[in-house]
Amino acid sequence: MMRYLIILFVLFLPIQSQALTAQEIVKKSQKAFLYQGKDFKARVLMKLITKSGRERIREMTMLRKNYGTSGGEQKYFIYFFKPADVRDMTFMVYKYPGRDDDRWLFIPAINMVKRIAARDKTSSFVGSDFTYEDISGRDLEDDIHTLIKEEKLGGRECHVIKSRPKAGDVNYSYKLSWIDKENFLPLKEKFYDLKGDLMKVFTADRFGEIKGYPTVVERTMKNIRSGHRTEVTFLKTDYNTGIPDRLFSERFLKRPPKKWIK
Amino acid sequence: MKKAIMKLVEFSVTRPWTVIFLTLILTLIFSAQFPNIKIDTDPENMLRETEPVRVFHQQVKKDFGINELIVLGIVRDDGIFQPDSLEKIKRITDEILRIKGVISDDVLSLTVTNNVVAGGGTLNVRPPMPSVPETGEDIENLRREVLDNPLFRDRLVSSDGKGAAIYIPIESKDIAHDVGEKIKAIYENEQGPEKYYMAGLPIAEDTFGNEMFLQMAVVAPMAGGLIMIVLFIIFKRISLIIPTMIISMLSVTWTMGTMIGLGFTVHIMSSMIPVFLMPIAVCDGVHILSDFYEQYPRLKDRRKTILTVFDELYKPMFFTSLTTAVGFANLAWADIPPVRVFGLFISLGVLFAWFLTMTFIPAALMLVSEKRLISIAEKKAVGSPMLARLGKVSLSKSRVFVASGAILLATAMYGVTTLSVNDNPVKWFKKDHTIRIADRELNKLIGGTYISYLTLQASTEDDIKRPEVMNYIEGLQEYLDTVPIVGKTTSIADVVKRVNYVLHDEDKKYSILPSSKEAIGQYLFLFLMSSAPDELDNFVDYDFKKANIWVQLRSGDNRDMTYVVNRVEDYVNNNPAPEGIKLEWSGLPYLNITWQRLMVVGMLEATIGSWWVILILLIILFRSFWWGLTAMLPLGFSVLFSYGLIGFSGQEYNMPVAVCSTLALGLGVDFAIHFVYRFREKYRETQDLEASMQWTMGGEPALAIFRNAVVVGIGFLPLVFATLTPYVTVGLFFGSLAFFSGVTTLVFLPALTGSFKGLLLRT
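So the protein sequences, as listed, match chains A and B.
Residue numbering for the first sequence follows my numbering, beginning at 15 and increasing consecutively.
Residue numbering for the second sequence follows my numbering, beginning at 3 and increasing consecutively.
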């Protein structure tokens, strides 16, 4: 009996997804994009590129563990390989829904762990064009989401969602997202500044499937005003590796275990 | 030659209406170009685009993401740290961020510029005032935070707490005036005890360009009007002076029309072409009219009179036009693009004026009815007893005159040596102009609105993070802070020191540079991690190969910038930079001293070059070396006297003066040519020195020269009332040039002729 019900449910699934509200689409997208799996690990290659083509390289291992459901609490652990003079620097973020993050940074040159205030979620993530929000998501209830149209982007059917922040807590006025109807990954996002001009553009450039999870393995965020852009590539991406809770502590910030950062 | 020119005159006398009609058609064609006018008010364009300093300036702007800055100061006498004033700073900043053309990400203000602070064991990178503090305690904390911090004190807040500044980078200099107007609208909307001042070189330069054309539109017609009044007082016949006025306007219209039609932009310099052309164009008319008044009573027929006048004058008029045209054309050798355009088009204008004098004036004079000329016919011969006496005395006491002339010249030369070369675009406005007031007030308040950059260039990546390089930057800054004109310096070293200080719980002991490259790198990384990717770009380039020290000066005088540059050179000679590090200056104040140097030297060389060319030309035209040389003396004298006067009066030699001195090419030579030519003609006829001199000085030739000196000297006085100082300078300088050219021609040429008759009069 149960089995039939499930089959019936699955048969109705496409119809149901068409009836999704904008809010639900965004929620699914957040799950697919930022909360996939129990935990996540990748070697992240970040290229910061100026308008004239000058580059700064960041290379790091990023570990993420979910606590609770999509949109819930998360912990991040980041170990830097490059630039050379910051090797051994580590960075840890506890992300909470509905309140400010906790962030810690370990400075090896003076062997000190320092807490870093996180008042502003639209501040840059490790000096890139991505903000903390772009990396770890924005609370669903902070915006009014509207489904403005459906269209094809690069051969994929997409929902186009407009998200307008309810409070003036960010440096943009609204965002348009093209969300893949099938896997709910965002393919493109356009941010408009307070003057109403296009401010920055996110694009998902390459996809992979890791342990069955569709994943954006190459992405770019481009600041339209300055011409500066950040290209991110995920190498050695993995899910559900069993990252232990105790890793996310001050002790391991100073002495990160080789097993997890390599 | 003679035939061709006289045929032209004869044709114009015979077919006056045809000539006037054709002139009208041509004028319409030239005027039709005016709507295509392109204006360029950027003094930077004084330099070739490939000029190394300009290329480097652009490179620095690119490397460090720097743009030209407007500085807005908000001042309150009883202190800015009060809730309502802080509220205004926030509101005004927010609105400025929305102005199109403002580079919002780089605006510096208390509400958007990041500071690093520690509180409760937490490191915080955020602006000092993300929102306006409400309680007295919060305000006190804010005051302490910014006044305690070298990255904010004297930069964004004055050390006495009375004023705050907002630095507004704009996309390009040519929108500075427009953006400035929008900023003005924002702060004028606010009420309260605060005062607002807006300064910065781009706004001065762009506003200057804007007001320049307004001034031209007001002042040039005023000069034209006054010239007409003076002409009327001299000749008392409107119908006779109108042709002269018309051709001076037409030659301006034709020249500017050609320039615009050929696609040249109207630059600060070329905007002065009308003012330069007018007196040159009027001069011939005055000679013609003076002679007309002399000949008409004798001939009592306008056609005959015109032909006689032109027969007598066409040659000196051709000589003066040719020498003036060649003299100005010679400016095309200068290395300064706008000077080339200026020289070539004035040269063209002089030729237009000559052509119109040969065609339009005879045609127009033919239209004046004989009836109206009766009163002229009854006049006695033209001449001035005073000038006649002067000629006699000068000739009989020629050695005394020559000796006193030599003494005067020596004095003038001494005056020239006291000349101080200086310029400052802000000083192109009069003292009571809002831009000057803002400049004075803001430079008292903060560390200076003139922002120049001292760049350190290393050869390999990350070199800037080396402790010895950081220490060198710190040392340079400490030294610069002792130079009086420097109000504030900021650099990457300040940021590193600040992070060190904050990481160690704001312990003054740690307000120093760390001693390892790793620590420096990690501090900078920490700062960058918590702010935008381009946050430090104004201080350091992307590969940490170049660092940029912001050097804020309280004065934009080129002299002061030069002083700072020299002091730094001294310092670097005594304290050599670390291995592989090169230092270089840039920024608008530095750019200005470069174009000043080029301008002063370039104009001087070009003017001297023109002097030689005209000398050679005159030697050929007069077929006499000594007469050629004599005719060149008034030009040299008048320039030296004028410069000497500037030197003695303590005025500064600046761009407008440099430009004005070229007018001597047009006036000084003209006077002398007329004098020498007319005198020689008479001498050839009579072979009698005294009689010829008496005829020249007592008759129409000297009178016409004297009248021209008066017309030009007085005609340009309205410029003295212009609100922009370059035009004031033009007015004064034209007056003094006309005066000295006239004096040297009328006072010293007779004496020189007498003293050197052995050389000059042998045949």
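Warning: the hint list may mix true and false statements.
[Said to hold, decoys possible] PhoX-like mimics (lysine-lysine), calculated; alpha carbons at most 25 Å apart, straight line:
no., chain 1, residue 1, chain 2, residue 2
1, A, LYS236, B, LYS64
2, A, LYS96, B, LYS519
3, B, LYS547, A, LYS96
4, A, LYS204, B, LYS102
5, B, LYS186, A, LYS209
6, B, LYS519, A, LYS61
Keep in mind the hints are simulated off the structure, nothing from the lab.
Going through the hints against the structure:
1. A:LYS236 <-> B:LYS64: Judged against 25 Å, a Cα distance of about 18 Å means the pair holds.
2. A:LYS96 <-> B:LYS519: holds (15 Å)
3. B:LYS547 <-> A:LYS96: holds (17 Å)
4. A:LYS204 <-> B:LYS102: The hint holds at about 20 Å.
5. B:LYS186 <-> A:LYS209: Distance ~19 Å between B:LYS186 and A:LYS209 Cα, so the pair holds.
6. B:LYS519 <-> A:LYS61: holds (23 Å)
Taken one by one, the earlier hints all hold for this structure without exception.
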